[in-house]
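Undergrad: As a plain string of letters, each chain reads:
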Amino acid sequence: MNQNKFLIQVTLQDTFLHRLNGETKVRLFVVGLVAVIMSFDLRILVPILLASSLGVLFSKPNWKSIRIVFLIVVGVNLLNLFLFYLANPSLGEYWCGENTIIHQFSTRYYVSVETLWYLLVRFIKMVTSFMVSLWFIITITPSQFAAGLAAHRVPYKVATIVSLGFRYIPDIARDYENIKLSMQMRGVELDPKKASISKRLKQSLLILIPLIITSFDRVSTIANGMDLRGFGRGKRRSYYVEQDPTVWDKRVRFITNVIFILSIVYIVGSMIWPAPTNMWCPL
Amino acid sequence: MEKNWITYLFGKWNTQTVVAIAIGAALFGVLMIYGSITVFTNTRLTTAMIVPVVVGALYGALPAAIALFFGNMFADLLAGWGFWIDWSIGNFFLGLFVGLLPLYGARVKDGIFKPLHAVIFGVIAVVGNALAFGVLTPIFTVLLYGGELTITFMQAFAAFASNSIVLIAAGIPVLFALAASYRRSSGLRKE
Numbered sequence: 001m002n003q004n005k006f007l008i009q010v011t012l013q014d015t016f017l018h019r020l021n022g023e024t025k026v027r028l029f030v031v032g033l034v035a036v037i038m039s040f041d042l043r044i045l046v047p048i049l050l051a052s053s054l055g056v057l058f059s060k061p062n063w064k065s066i067r068i069v070f071l072i073v074v075g076v077n078l079l080n081l082f083l084f085y086l087a088n089p090s091l092g093e094y095w096c097g098e099n100t101i102i103h104q105f106s107t108r109y110y111v112s113v114e115t116l117w118y119l120l121v122r123f124i125k126m127v128t129s130f131m132v133s134l135w136f137i138i139t140i141t142p143s144q145f146a147a148g149l150a151a152h153r154v155p156y157k158v159a160t161i162v163s164l165g166f167r168y169i170p171d172i173a174r175d176y177e178n179i180k181l182s183m184q185m186r187g188v189e190l191d192p193k194k195a196s197i198s199k200r201l202k203q204s205l206l207i208l209i210p211l212i213i214t215s216f217d218r219v220s221t222i223a224n225g226m227d228l229r230g231f232g233r234g235k236r237r238s239y240y241v242e243q244d245p246t247v248w249d250k251r252v253r254f255i256t257n258v259i260f261i262l263s264i265v266y267i268v269g270s271m272i273w274p275a276p277t278n279m280w281c282p283l
Numbered sequence: 001m002e003k004n005w006i007t008y009l010f011g012k013w014n015t016q017t018v019v020a021i022a023i024g025a026a027l028f029g030v031l032m033i034y035g036s037i038t039v040f041t042n043t044r045l046t047t048a049m050i051v052p053v054v055v056g057a058l059y060g061a062l063p064a065a066i067a068l069f070f071g072n073m074f075a076d077l078l079a080g081w082g083f084w085i086d087w088s089i090g091n092f093f094l095g096l097f098v099g100l101l102p103l104y105g106a107r108v109k110d111g112i113f114k115p116l117h118a119v120i121f122g123v124i125a126v127v128g129n130a131l132a133f134g135v136l137t138p139i140f141t142v143l144l145y146g147g148e149l150t151i152t153f154m155q156a157f158a159a160f161a162s163n164s165i166v167l168i169a170a171g172i173p174v175l176f177a178l179a180a181s182y183r184r185s186s187g188l189r190k191e
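Chains B and W are the protein sequences, given in the same order. Take the first sequence: its position 245, counting from 1, is numbered 245 in my numbering, and each next residue is one higher. Take the second sequence: its position 42, counting from 1, is numbered 42 in my numbering, and each next residue is one higher.
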């Protein structure tokens with residue numbers, strides 16, 4: 001389960017996406033997310049999914065850890081879809097405007113083509129959003145992330161929050177694992193099959209107290225180190241990883257800006273001329 | 001006094017606070033992913049709710065809110081259940097409400113946390129949860145994602161119930177423990 005330790009990069013490899021500037025990657029990531037969030041349309045989602053999958057493919061990731069994370073993501077999302085269906089079986093009607101019933105379990109629960117289509121689109125949307133996050137995480141370091149945010153006029157204290165938090169997630173995850181293991185060694189049961197929810201909640205509090213203490217113990221050490229290096233003295237700061245954009249940076253930034261403008265057009269357009277159905281249903 | 005009030009709300013923006021927000025956000029992300037029990041789609045009974053309590057008590061309300069906002073983003077980024085900005089915004093406001101602790105006199109850093117403060121904290125936690133997830137999150141869900149209101153309200157109710165339970169059942173004992181440990185180090189004794 002130590003997935004994060006492998007996903008968050010501290011050093012860069014030498015591939016196309018790794019070589020790009022922090023600013024370029026942050027912009028591409030944000031625009032990609034906007035495009036995924038705004039649309040419930042397979043015609044937009046599938047190209048983004050393919051592009052970001054290619055991005056992951058060409059960045060030579062650690063396949064072993066990615067496979068585990070990917071299986072977890074697919075499992076969690078399938079469970080979510082099932083719960084979605086249980087919560088509201090007539091979802092398809094809302095999204096597509098009609099109902100073609102294939103099988104009827106009871107008056108409330110039935111399977112319709114539109115609901116299945118909606119669940120499929122939703123699943124692809126979730127996987128796409130995961131792939132967009134994935135290529136970004138495996139090709140960026142915390143300091144590049146901060147430099148990229150600062151280049152987009154985000155106040156550098158906020159950029160520091162993001163990069164520091166990003167940097168310390170693997171450490172805290174490791175602490176969590178260690179504390180959990182040592183608690184289990186002392187006989188604390190955390191297996192969902194063996195302990196009830198209320199008991200597990202009580203047990204997870206036992207992990208919490210030491211985790212809070214070890215995590216916030218770090219604060220003064222890190223803050224002193226940063227103060228000694230003059231953090232927060234100036235109104236602006238520069239970043240060591242900030243580089244001049246290369247030719248490819250400029251090209252990717254151009255494409256990103258075009259996608260951004262198209263997304264804005266799409267959002268404004270669907271506000272002015274709403275589509276007849278809430279999503280694209282070729283059924 | 002006037003100045004204190006502002007400090008309690010916005011926090012002192014020195015290096016300590018910046019680092020504490022970052023660590024709080026990272027802790028929130030880790031606890032969202034590992035330390036939680038799924039109760040409904042995309043909602044978990046999560047011990048991560050302890051983060052705004054600690055950050056709010058020690059550093060102020062706005063730092064707690066920002067820690068939750070970025071913490072939720074980290075969790076979304078790493079866990080792969082999709083990117084839900086509306087929930088980050090909901091968590092931001094929840095952090096703001098929960099982190100109001102010093103404003104009503106619970107100076108945990110000076111070792112002051114009385115049963116009365118615990119009661120106020122409990123009320124604010126429940127009301128803040130209802131506001132953040134029952135009103136604000138659905139508004140942003142409609143604005144950003146469109147539709148899906150039935151399920152958002154179901155999720156919101158699940159989040160409201162589970163967060164309130166965690167905030168009260170775990171938050172209050174942690175606050176008493178924190179206050180006690182700070183009282184010990186301040187060297188003052190009640191006569």
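Calculated from the structure, these hints are not laboratory results. Heads up, some of the hints might be wrong.
Unchecked claim - Below, simulated PhoX-like cross-link-like pairs (lysine-lysine); rule was C-alpha separation at most 25 Å, straight line:
(1) 60/B / 157/B
(2) 235/B / 12/W
(3) 180/B / 157/B
(4) 60/B / 202/B
(5) 12/W / 157/B
(6) 157/B / 114/W
(7) 235/B / 64/B
(8) 202/B / 180/B
(9) 114/W / 202/B
(10) 109/W / 12/W
Undergrad: Against this structure, judge whether each hint is valid.
TA: Against the structure, the hints:
1. 60/B / 157/B: 32 Å, violated
2. 235/B / 12/W: OK: residue 235/B and residue 12/W at ~16 Å, within 25 Å.
3. 180/B / 157/B: Violated, at roughly 33 Å.
4. 60/B / 202/B: With Cα atoms ~42 Å apart, residue 60/B and residue 202/B exceed 25 Å; violated.
5. 12/W / 157/B: It holds: about 13 Å lies between the C-alpha atoms, which stays within 25 Å.
6. 157/B / 114/W: 34 Å, violated
7. 235/B / 64/B: 43 Å, violated
8. 202/B / 180/B: 13 Å, holds
9. 114/W / 202/B: The given pair, whose Cα atoms are some 23 Å apart, holds under the 25 Å limit.
10. 109/W / 12/W: Distance of about 14 Å is within 25 Å: holds.
Of the numbered hints listed earlier, those contradicted by the structure are 1, 3, 4, 6 and 7.
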